[in-house]
Amino acid sequence: MMNKLYWGWATDESMRLGGESGGFVTALLRSLIDDYDDVIVIRKVGTIFEGSVVSLSSADETKRVQGALHSVCIELSHYIRKGRRTAIVLKPCDARAVIENIKRNHVDRDEVLLIGLNCGGTLPPVPAMNMLSSQYDLQPDDVVKEEIDKGNLIFTTTAGDEVSKSIDDLEASGYGRRESCRYCDVKIPTMCDLACGNWGTPSGKNMTFVEVCTTHGMDVLTNAIDAGAVDVKEPSEKLSTIRTKVEGAMKKLARTWDKKLLGRMRDMGEAERLEHIQRTLAPCIGCYGCRKACPVCKCSDDCKCMQFAPDDVYPISLFHSIRLLHLMESCIGCGNCTDVCPVDIPLAHLHQLFARSYESKTGYKPGMSVDDVPPLSRGDFPEGY
Amino acid sequence: MSFEPRIIAFLCNWCSYGAADMAGTSRVQYPSNVRIIRFMCSGRIDPNFVVEAFLRGADGVMMTGCHIGDCHYIDGNYKTVHRYEFLSHYLDVLGIGSERLKLAWCSAAEGNKFASEVKEFTDLIRGLGPSPMRGDDDE
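Line order of the protein sequences matches chains A and H. The first sequence stops at residue 385 when you use my numbering, and every number in between is there. The second sequence stops at residue 139 when you use my numbering, and every number in between is there.
The hints are simulated quantities; they were obtained by calculation from the structure and are not laboratory data. It is possible that part of the hints are untrue.
Pairs of lysine to any residue residues, derived as SDA-like cross-links and limited to a Cα-Cα distance of at most 20 Å, are as follows [what the hints assert, rightly or not]:
(1) A/K365 <-> A/K205
(2) A/K4 <-> A/T244
(3) A/K361 <-> H/F49
(4) A/K304 <-> H/F49
(5) A/K205 <-> A/T215
(6) A/K304 <-> H/R83
(7) H/K119 <-> H/A109
(8) A/K304 <-> H/P47
(9) A/K304 <-> H/D46
(10) A/K298 <-> H/R38
(11) A/K205 <-> A/N223
(12) A/K304 <-> A/P315
(13) A/K292 <-> A/I74
(14) A/K361 <-> A/P346
(15) A/K292 <-> A/P315
(16) A/K365 <-> H/E85
(17) A/K298 <-> H/D46
(18) H/K113 <-> A/Y385
A few chain A residues that don't get close to chain H, going by computed Cβ distances all over 10 Å [stated by the list, open to error]:
(19) K4
(20) E13
(21) D38
(22) L261
(23) E275
(24) A293
(25) K304
(26) Y314
(27) V343
(28) L353
(29) F354
(30) S357
(31) R378
Please read these numbers as outputs of a predicted model, since none were measured by experiment. All residues carry an ideal CB built from backbone N, CA and C; glycine is no exception.
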């Protein structure tokens, strides 16, 4: 199916003006809330740097949902329960995690509706608040919205002013997006049923750019239109091209960061790289937080990575060796492991080093489609052996 | 003291273990560096086992099984191939080097082949030196 592109908005005037980008997602959720057991979103609690995961139960509650919170980086795939029809609003890495969990039979594809939001990168909440006071001279309470546009990180204040700074400058001075987001190359979540975002929408028109990626997504959208909740029209060719260009620019920047953050490890000789990995992992205190936070690591505690005796002393712990091995074909690069590590080991960089080189060798990229079978699970006739 | 490689060989019950047996009964000499672990099928060789072998100080690991098409369980050794390729890549990125992992097919009649594969691999590892994962003090 060719993906259909639309501009969408909420038909309800207050929702359209009050919600972000025309309130499309809010109106959509409102229209389908009775059809689903769980409608999972992140809701703002206090400032834009604080949010919590909620399951909406009534149409009224949807009113309190607004905006993609890029400073709240909670992994959402954990919240989907098998056996319950779930609609979930998520960023690309969450969506990729859900796809990987569908492959592992932890989630049923027919039970979930994935509403993806475009993502140019998330901000770590606490450093972002520090950045706000040191670089923008603002307090967390002063801002109502954050946005990445044309290479700038823009905060909108309560007074309605926009304060903008170059992302490159911020990131050069140690602020800005999470490192995993900087080199992430999935910006539009086309593995979802609907991929929504504000790239390629006419400015000041309160609209959302919607890409319909599956027939299920098309059904949901049609139902919402028939119910009078949302309305759509064909986007102009010019602005569709602009959307593609924005994505292209983001991906290009991601490649630069990939070289910057992972290139050094790739260029090392084998012995040097082994020593580097060993030294990077040396401070590990064995809390296993990375394993718990990992959205694709769904083995039970019987997994090989936990099968070590206290007197096993290896150059690289069995735990990390096995995790590096297992995640080589399934790491989606969400960066949760780095986030939770109490001793600040850049685990995501290591896992991505393995995963990306495996991807370039085999062409398999995890989390992009339910139909992509990992090379290790194919079991097809091996040529040349 | 000169370096003696420590090699772990994972053998399938039906072909390569038969080959090792054949090598023994026909008194074919091969290096004693190899430590044999028998599996019912080479398709049972979990990549975890190979990683653990290296962590525990193996200088080289051999995965051996029936020739493609001869597997006792029809397609068990297809999986071995995919796992071998997966592991080779992992070892390269980790920095141990995929040359320390060898895949060999030996049928139960190929005692001589098994012996020569072991000899060849032992010589190769002897040339490469101790595995970087191997501790200094252990035997």
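Here's how the hints hold up against the structure:
1. A/K365 <-> A/K205: Between A/K365 and A/K205 the Cα gap is close to 36 Å, so the pair fails against 20 Å, i.e. violated.
2. A/K4 <-> A/T244: Measuring from Cα to Cα gives roughly 14 Å; hence the hint holds.
3. A/K361 <-> H/F49: violated (23 Å)
4. A/K304 <-> H/F49: holds (9 Å)
5. A/K205 <-> A/T215: violated (28 Å)
6. A/K304 <-> H/R83: The hint holds at about 16 Å.
7. H/K119 <-> H/A109: holds (18 Å)
8. A/K304 <-> H/P47: Holds, at about 10 Å.
9. A/K304 <-> H/D46: holds (10 Å)
10. A/K298 <-> H/R38: violated (30 Å)
11. A/K205 <-> A/N223: violated (24 Å)
12. A/K304 <-> A/P315: Cα-Cα ~17 Å, so holds.
13. A/K292 <-> A/I74: holds (13 Å)
14. A/K361 <-> A/P346: violated (23 Å)
15. A/K292 <-> A/P315: Violated - the C-alpha atoms of A/P315 and A/K292 are around 23 Å apart, more than 20 Å.
16. A/K365 <-> H/E85: Cα-Cα ~17 Å, so holds.
17. A/K298 <-> H/D46: holds (18 Å)
18. H/K113 <-> A/Y385: holds (16 Å)
19. K4: holds (37 Å)
20. E13: holds (55 Å)
21. D38: Answer for A/D38: holds, closest chain H Cβ roughly 35 Å.
22. L261: holds (16 Å)
23. E275: Check fails; 8 Å does not lie beyond 10 Å.
24. A293: holds (22 Å)
25. K304: A/K304 is in fact no farther than 10 Å from some Cβ atom of chain H, at 4 Å.
26. Y314: Not fine: 4 Å to the nearest Cβ puts A/Y314 too close to chain H.
27. V343: Check passes; 21 Å lies beyond 10 Å.
28. L353: Not fine: 7 Å to the nearest Cβ puts A/L353 too close to chain H.
29. F354: violated (5 Å)
30. S357: A/S357 not clear of chain H: closest Cβ-Cβ about 5 Å, inside 10 Å.
31. R378: violated (7 Å)
In this structure, the earlier hints numbered 1, 3, 5, 10, 11, 14, 15, 23, 25, 26, 28, 29, 30, 31 are contradicted, and the remaining ones agree with it.
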